[in-house]
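Chains as they are written, first to last, in this note's numbering: chain A, 1 to 778; chain B, 1 to 778.
Hint data in this document are derived by calculation from the structure and do not stem from the laboratory. Quick caveat, the model's predicted, so the values are computed rather than measured. Any given hint could be a false lead.
Note: identical chains are not told apart, hence a pair may lie in one copy or across any two.
[To be verified] Subject to a maximum C-alpha distance of 20 Å in a straight line, what follows is the list of computed DMTMM-like cross-link-like pairs (lysine to aspartate or glutamate): (1) Lys669 x Glu75; (2) Lys364 x Asp718; (3) Lys374 x Glu75; (4) Lys364 x Glu721; (5) Lys669 x Glu713; (6) Lys96 x Asp575; (7) Lys404 x Asp250; (8) Lys246 x Glu673; (9) Lys404 x Glu75; (10) Lys86 x Asp136; (11) Lys620 x Glu88; (12) Lys86 x Asp575; (13) Lys378 x Glu629; (14) Lys404 x Glu721; (15) Lys85 x Glu673; (16) Lys667 x Glu712; (17) Lys131 x Asp705; (18) Lys96 x Asp250.
Number of protein chains: 2
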Amino acid sequence: MGGSEEGGEYRDVEATVAPPQLGMYEPLLEKEKGFAIADGNGNGNGNSANGHHVAMIGTKVSPIESLDFELVENEIFRQDWRTRKKSEILQYVAVKWAFVFLVGILTAITALGINIAVENIAGMKFLWTVKFMQSDSFVMAFVVYAGFNVTLVTVASLLCVYIGPSAAGSGIPEVKAYLNGVDTPNIFSIKTLFVKILGSIGSVAGGLIVGKEGPLVHVGSCIASILGQGGSVKHGLTCKWLRYLKNDRDRRDLVTCGAAAGVAAAFRAPVGGVLFAMEEVTSWWRGPLLWRAFFTTAVVAVVLRTGIAWCKQGHCGLAGEGGLIIFDVSGVQDNYGLNELVPVVVLGLLGGVLGSLFNQINAKIIMWSGGWLKKKGKFAKIAQAVIVALITSICSFGLPWLAKCRPCPDHLTIPGEKSCPSYGRAGNFKNFHCPDGYYNDLAGLFFNTNEDTVRNLFSKGTNGEFEFSSLFLYLGSAYSLALLTYGIAVPSGLFVPAILCGATYGRIVGMVMGMFYKNGPIDEGVYALLGAASFLGGSMRMTVSLCIILLELTNNLLLLPLIMLVLLISKTVGDCFNDGLYSLHVHIKGIPFLEAHPPRFMSHLTARDAITRPLIWFSKVERVGAIVEVLRSTNHHAFPIVDNDEQSGKPVLFGLVLRSHLLVLLKKKQFLEDRYSYAEKEQSSLVSSAEFAKPGSGKGLTIDDIELTAVEEEMFLDIHEVANTSPYTVVETMSLAKAYTLFRQLGLRHLCVVPRTSEVHNITIIYAYSEHCRPGVR
Amino acid sequence: MGGSEEGGEYRDVEATVAPPQLGMYEPLLEKEKGFAIADGNGNGNGNSANGHHVAMIGTKVSPIESLDFELVENEIFRQDWRTRKKSEILQYVAVKWAFVFLVGILTAITALGINIAVENIAGMKFLWTVKFMQSDSFVMAFVVYAGFNVTLVTVASLLCVYIGPSAAGSGIPEVKAYLNGVDTPNIFSIKTLFVKILGSIGSVAGGLIVGKEGPLVHVGSCIASILGQGGSVKHGLTCKWLRYLKNDRDRRDLVTCGAAAGVAAAFRAPVGGVLFAMEEVTSWWRGPLLWRAFFTTAVVAVVLRTGIAWCKQGHCGLAGEGGLIIFDVSGVQDNYGLNELVPVVVLGLLGGVLGSLFNQINAKIIMWSGGWLKKKGKFAKIAQAVIVALITSICSFGLPWLAKCRPCPDHLTIPGEKSCPSYGRAGNFKNFHCPDGYYNDLAGLFFNTNEDTVRNLFSKGTNGEFEFSSLFLYLGSAYSLALLTYGIAVPSGLFVPAILCGATYGRIVGMVMGMFYKNGPIDEGVYALLGAASFLGGSMRMTVSLCIILLELTNNLLLLPLIMLVLLISKTVGDCFNDGLYSLHVHIKGIPFLEAHPPRFMSHLTARDAITRPLIWFSKVERVGAIVEVLRSTNHHAFPIVDNDEQSGKPVLFGLVLRSHLLVLLKKKQFLEDRYSYAEKEQSSLVSSAEFAKPGSGKGLTIDDIELTAVEEEMFLDIHEVANTSPYTVVETMSLAKAYTLFRQLGLRHLCVVPRTSEVHNITIIYAYSEHCRPGVR
């Protein structure tokens, strides 16, 4: 019965409430025109719209769907709730806690594994290279060095391009989008997890200016999501206990804990992890979640601690020291005065400007190269990665030759922890090609793993280690390389590049300050830390979580007010220019993310303005053929059920039925002979709520899985039992901004729009529904 | 036209969604019976219900109202939004930031002031007492000591009882309730602020086992709320710029920042402050708020730092040292092993049990003494406070005599920072009545300000300072005194008492551990810290914010995993027995707080079940007399406006009009001659949106302010312009749990319940509304 001929009085909203293509790059007028009329809707341009809704970097074009946090109140679920025993509720709680425990342990172990691998591979690379350098075969040293790098990056990029395209990049934009209700398929698949882990080992050990922190957040979320899918029904690897978790609400809770665990593992910052999750999940935060996320990160902290203690006993090869980043700057300068406010403000401004500039250029590069790479195909992507790896190798090996050899400071020539010069794979005063007793300050920056470079920049009591020229050269190279690198087809985090850039100009500011206040309590390492904070604030625009992460990283609480101030200034300055980096990437990837605030033009529109097409609806008992036809011809994910009022005979809204539930019913084939026989049968016991459990993303039934005979198509299906009889509704005159708030605050996917008065044909209620974001055509 | 005779088809919901009197002390069946039928509703028992809705400790019985975060979409506000210029939006933003800046500065200065006052008064008290003791006039010493204490507490209690009854207690339950939408009048008045500041100086300096931290949170919120009222219209102290803040949304944002500033100032924990606000404000958290709260606490941190530096130069009398609590335990034991998990688990369990027991006993004491005191009147309250002060003085002066004098440890006899014995007002090894070279360990606990005691318990490198017997004696006394004290009519925080108890048994556990692991890296100060964490977790049940506050207090990030573990265990254990302390007090005070989760029985009820009375409604143009009559005879805060459909002639919902808006219109007296003349007039420009700005709590217009002549009562009032034409609605078959979620997530006060089908008289829509919590009778 679907279609416009009979349902003309009903109107349908297929409003993509925040169509991604209406991003920041278009003028407001376009947005207004585009909204809900031209872009987000209509089957006609479904494919072109779809093009926007997939991750650009991925090769497998798959539609993005939205998550649904609404409680479906249909008879079957109500029945299930009523009959649920106390022991089953206990099971549910136990399963939830057991899963976050597992997520914590697995994430921490993965993080340890990645670290051990990176440290060993990169360590070996440096040891070999240094060996050749010490025998003065510099060309050979470069060949070994560059060979290592290019090979590692090529492997990472091959994995990314051919096996898990969703694993490219940091993954934080996708995680952020997921946590706020946008389900990008494949983003949490086992393939992606596998590629993300191996790829990030390759790209980090391969010397690229990338970090493994962003990818670790993605890895944590992946682990959580895979666990949350509750095993594989196909392979019989599931369990009755897990059925409780098979819905979007619980699955998202789990992924939130996974993201928190990822941050906690990446930075050894358990509280920072929880806060990161809280700051990103702004749309649907719940108290108990805080509590579970906290537990997860505590587990991570304990496992990491144990693992690191074990590694320190020498079980992990070259990864005994360092490994998981902790840049200890405690014990310095716990007394600072008002004159230190000047450099803090300067750093904040610098961070805001350089950070937002970074975002802007990076976005442009990705938009431009994205289109170009799409045309050229997979090989071009790999070539791009190889070229970047080669450039990075040339820079990091070649540029240190520009620096003069400097004599070691007297007090450091005695052998010890911080002796000068150092010859090994890590260290502060790299000898590089210099004679004994001399060091190359530029090599200490370039010819190191990124983490060691950060450690050198942050190190205390090393005032005057670097020359201005070296720092400026490094700043320029790191900034450009980071811009080039973020966007190629390897897993790549942005925290470390941001810290590198920020710490470098922080140290420059510190040196300038040192010239003014000769006897002041100034340590360049502290300025490096503040610089890093400013760049992170200017680029990523997180505040509280970044602040805590930096505190936990550096173990110095006394710097808190300074870090807060720097973050405040840099974020404010950055916000004047553009959005935060992750928001930009969410836009670029075409993820239909609902921002916290409705766009201003929405307060001038009403919910009615978002309605465009004729409504497609069903009766409580509907002909099977009609249902199949509608499911085939549309891609809506929910349909209103309209019933005739018994007294007035006029149609009224009965409820909302989900496409996925219809498909389950069609698959069961419990059809009726005619439209009116439903009152007699007693089939509620035949369909259990477990059958409606939501499978993992992309694994659900599709209409193509349903095969029906012609006779069956003429039969009828009773759908009133699976209808959500209390969907959220708004009147059509409600401002769109208010409806938007409802969408976001409650995590809805569908919203019925009800007319205020009966304008047409004396029909009193007109219903429509809108979807959070467009479903895809499978 | 209001009333049941004409509006019989409409039904009214006056459902107190979470009636406070249905607290934890009643069986579930009672709750179900009571819900929405017996208690929360009906004018009939309005007074008796009201009795539950006022703070028990207060003497001024005033009704509790709920806050409304819904965007009112009526024509006047729409007009205002449309015409708002860019400069005005900028003004709005500027005012908001300027205010949180002010809140930060004022809160920090107040905190500094309280600290300086407490340190000076208490310091003087101890100096005098010690002077008498050194001349062996012990009786005189006690008289001075007890006299000081009783006087200070009496003053505090007099202020509390006669001037600001709302200032008694910690204030955190009320702040928590306000942030989640419950507006208790007087809780944020200038009187309350004044009494809270002076009273908490008195009670803390008077030696009671109370803290000033809870009161400081209240003080911060008070300052924010008073600022947020935008000056006084009555005294002409207002400004056009401030009108933007005159609504519940912005005012609550400001109070949130104030609460964060209070915590930040109390503990010098800026991040902890933000997290505290986040953890308590679970119902309606918004991203930008985080950002502003963070700014506020950063301001607090900077001001405090400056102030303390100034004090250290000797400008603040005896308050040079200490003052704002920072218990530095950094530099100890950054290496702990798995064997330390045993005492951590033990501490967690102890904390959970002792903490929840504390809550239970405290609740019983308050419930019992509350009823008794109500009968006896104000004098009894003051007497209670005086008696408690006397008992505390006797304990703290008398009990140390039970301890043996112990010889000073050899390495501490040289004069220095931690010399033994100490004679002054503060110190670790108190000489008390002992001969030279000896100290009294019990005096170090009892005969000190609470903060100094905590500092002694936390102090590192003092293993073996205390004897088991002394610690047990102190634990028993502190626990009992804290139970007695919290609930008397003085401002009293619970953080410090909880830390005192927890640190004491933590130190006991540490000493026991010390006997097993003679050479282990164990410091009793660390155990004291973990013990404090466990008691706080077991009693208050906050997790993330407590964790951060403790970290910021003790400046030792390496203890983080241990603190997290302890908090997790103690909270879990505590949750098995009862609610957190603040939740309990919210219940006891009868504050109609909406918990995060709807009560389980609500999922078995529908929105229809919450409807009880006939609906009272208005037409778009209503007779003035009818409006006045309704406003006088009911205490609803909103009324649906029902319009007749033009075609079918049947009533449909037009919108919702607020009582406060009606009162403004009545005051303006722009009446119409007859019901049909409204189409002609053009009065929209005559009423500006600023006139509808919400005044501070308890200051609004009431119906008694309206005086009308008989002629005017027969005229008509056009109310369609002020009607919110898109109120949130639910169908009557929606489960009550789902409607509850809507209330809480969106911060609503009213919710229209719409029928699914037309059952009665062929009328298609039946409207009703419910109120978040009962309005009071003024």
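Evaluation of the provided hints:
Taking identical chains as interchangeable, the C-alpha atoms of Lys669 and Glu75 lie at most 20 Å apart only when both belong to the same chain, with a minimum of 19 Å there against 52 Å between chains. Within a single copy, Lys364 and Asp718 get their C-alpha atoms no closer than 53 Å, and across copies no closer than 56 Å, so neither meets the 20 Å cut-off. Neither within a single protomer nor between protomers do Lys374 and Glu75 lie at most 20 Å apart by alpha-carbon distance, with minima of 48 Å and 50 Å respectively. Within a single copy, Lys364 and Glu721 get their C-alpha atoms no closer than 51 Å, and across copies no closer than 48 Å, so neither meets the 20 Å cut-off.
In this assembly of identical chains, Lys669 and Glu713 lie within 20 Å of each other by CA distance solely inside one copy; the values are 10 Å within and 67 Å between copies. In this assembly of identical chains, Lys96 and Asp575 lie within 20 Å of each other by CA distance solely across copies; the values are 17 Å between and 38 Å within a copy. With identical chains, the CA atoms of Lys404 and Asp250 are never at most 20 Å apart, being 59 Å at best within one copy and 59 Å at best between copies. Within a single copy, Lys246 and Glu673 get their C-alpha atoms no closer than 33 Å, and across copies no closer than 63 Å, so neither meets the 20 Å cut-off.
Taking the shortest Cα distances, Lys404 and Glu75 never come within 20 Å of each other, neither inside one copy (79 Å) nor across copies (73 Å). In this assembly of identical chains, Lys86 and Asp136 lie within 20 Å of each other by CA distance neither inside one copy nor across copies; the values are 75 Å within and 67 Å between. Taking identical chains as interchangeable, the C-alpha atoms of Lys620 and Glu88 are never at most 20 Å apart, the minima being 32 Å within one chain and 52 Å between chains. Taking the shortest alpha-carbon separations for Lys86 and Asp575, only the inter-copy value of 18 Å comes in at or below 20 Å, while the best intra-copy value is 50 Å.
When the C-alpha separation of Lys378 and Glu629 is checked against a cutoff of 20 Å, the pair qualifies neither within a copy, at 38 Å, nor between copies, at 77 Å. In this assembly of identical chains, Lys404 and Glu721 lie within 20 Å of each other by CA distance neither inside one copy nor across copies; the values are 80 Å within and 78 Å between. Within a single copy, Lys85 and Glu673 get their C-alpha atoms no closer than 36 Å, and across copies no closer than 64 Å, so neither meets the 20 Å cut-off. In the homo-oligomer, the alpha carbons of Lys667 and Glu712 lie at most 20 Å apart inside one protomer (12 Å), although the nearest pairing across protomers, at 69 Å, exceeds that limit.
Taking the closest pair of Cα atoms, Lys131 and Asp705 never come within 20 Å of each other, the shortest separation being 62 Å inside a single copy and 92 Å across copies. In this assembly of identical chains, Lys96 and Asp250 lie within 20 Å of each other by CA distance solely inside one copy; the values are 8 Å within and 37 Å between copies.
Violated hints for the displayed structure, listed by number in ascending order: 2, 3, 4, 7, 8, 9, 10, 11, 13, 14, 15, 17.
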